[in-house]
Amino acid sequence: MTRTSVKSPALLRVRVPRICGDGAAVNQSYKTQEQKTKRTLSLLIVKLKEFFERREAIWT
275 MTRTSVKSPA LLRVRVPRIC GDGAAVNQSY KTQEQKTKRT LSLLIVKLKE
325 FFERREAIWT
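For any residue, its number in the working numbering is found by taking its place in the sequence shown, counting from 1, and adding 274.
Since the hints were made in silico from the structure, they are not lab data. These numbers were taken from a predicted model, which means no experiment stands behind them. Do not rely on the hints blindly, as some may be mistaken.
[Stated by the list, open to error] Now the in silico label distances, taken between C-beta atoms and shown as ranges:
#, residue 1, residue 2, range
1, 303, 281, 23 to 31 Å
2, 319, 288, 30 to 38 Å
3, 303, 282, 18 to 26 Å
4, 315, 291, 24 to 32 Å
5, 291, 326, 32 to 40 Å
6, 286, 323, 31 to 39 Å
7, 319, 282, 42 to 50 Å
C-beta atoms are modelled at their ideal positions from N, C-alpha and C, and glycine is treated no differently.
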């Protein structure tokens, strides 16, 4: 029996670097100013949409 012929569940433990985060404390020095601005604006528009949805306003 070879490893590729086994068809049972397997558990993998993988370590990967975290290169993006939602917290302000996360170092984002690898991002350009344009990327940081775009991310901030996208977060703001999502928050604004949620604000209006909570108040059952029309969002178009």
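Of the numbered hints stated previously, which ones are contradicted by the structure, given in increasing order? 1 and 3
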